[in-house]
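Chains A and B, in that order, give the protein sequences.
For what it's worth, the numbering used here labels the leading residue of the first sequence as 6, then goes sequentially.
For what it's worth, the numbering used here labels the leading residue of the second sequence as 268, then goes sequentially.
Think of the hints as simulated: they come from the structure by calculation, not from any bench.
Hints may contain errors.
Unchecked claim - 25 Å max Cα-Cα, derived BS3-like pairs, lysine-lysine: (1) LYS302/B with LYS330/B; (2) LYS339/B with LYS288/B; (3) LYS292/A with LYS288/B; (4) LYS339/B with LYS302/B; (5) LYS339/B with LYS66/A; (6) LYS173/A with LYS288/B; (7) LYS197/A with LYS339/B; (8) LYS186/A with LYS299/B; (9) LYS173/A with LYS324/B; (10) LYS173/A with LYS271/B.
What the hints assert, rightly or not - Example chain A residues on the side facing chain B (calculated, C-beta under 10 Å, incomplete): (11) LEU27; (12) ASP29; (13) PHE33; (14) ILE54; (15) VAL55; (16) PHE58; (17) PRO61; (18) LEU97; (19) LYS173; (20) VAL175; (21) ILE199; (22) LYS292.
Note that the structure is a prediction, hence the values are computed from the model and not measured.
Ideal Cβ positions, reconstructed from N, Cα and C, are used throughout, including at glycine.
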Amino acid sequence: MFKWFADLVTYDLLRLPKGTHLADSLNFFLYDVPKIYFLLIVVVFFVAIVRTFLPPERIRKMLSHKKEFVGNILAAGLGIFTPFCTCSAIPLFIGMLESGVPLGVTMSFLVASPTVNEVALILLWGLFGWQVALTYIVSGLTIAVVSGLIIGRLKLEKEIEPFVFQVKQVKTDSKGTMTWKERLNYAVEYVKEIFAQVWLYVMLGVGLGALIHGYVPVDFVTQYAGRGNPFAVLIAVVIGVPLYSNAAGTIPVVQALIGKGLQLGTTLAFMMAVTALSLPEFIILRKVLKPKLLLTFFGTVALGIIAIGYLFNLIF
Amino acid sequence: MEIKVLGPGCANCQDLERRVKQALSELNLEAKVTKVTDFAEIGKYIMMTPGVVIDEKVYHEGKPLPRVEQIKTWLQAVGK
């Protein structure tokens, strides 16, 4: 269907001759953009429906007093369905600890939630194929689980600002279960919101890809950050951490990097560094975490990302 | 009626406050609207910002933001 549309516009409507760079690039663009938009709308809609069954209240109950490991895996898994913006990091942290979610489990959630989500999955899938998407998801979850486990083991609870434990949740009546009409409404609103955030990045990403697809055959980044450079992953993470963006925002950059011959591991490490760790989050988390715990958290996650980067560079 | 809009001050929270005020004026209702930005205070009620609390009861938390029509139904329910 998407192929038919792209061919119709490129070869029949605009009458571009097959095999030229311009026709190839345009065809690629017209095929990929509607395809990714379609995937986004469908998948985000279904994830939103799932989310209506997982309000923060329920997640908190599911994770409270969970044993390590099981708790970490569950937290990372739930993180897929519940993205939060940086402003929510603190209330989320307070709410979880207050209801007895262990520190390490909370950290697993804080890492998984911004890194691994349906938008990242679809964009990677649409642009680079399901292998890359799956690799990204699995490694993101692994980092979330492992860094949460490590922080849990280090017994750093005393490195949390004391006011966190003094917050007492106001008991409010539950809003009751949503009706299906409300769930559908919520999903529609959510799709609109995500689409408004993401559509431009998708176009930029695919546009860059189309340019590379049609025009740029030689690689240039490879010379500096490619196979020959043992520090490539390290450099990617150092550049990625201070940058602040969501998964969608990194896509155009990632597209450009892969197109120019950067290795998969390096590229994934960059993307994770941007989404999992950011300067605004670092500053905002300082309000609840003392410096030692904050640095341990960022250090552990950064090391995890670097390790994953090198691992995939070795494999692929 | 006492309304609290919870959020540290990002664009979403400001938008939500605007919607609450719009809902109030469309219904010709008077209410005290307080903007809560202190994290300890926010953490008492919700885990996902932004949020709306009316008379100490949580009506909304997180994104996407509720529509003005939705907020109006809460206000009408509480106002009676």
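TODO: Would you pick out the hints that fail for this structure and give their numbers low to high?
DONE: Going through the list in order, the structure violates hints 3, 5, 6, 8, 11, 12, 13, 14, 15 and 16 and respects the others.
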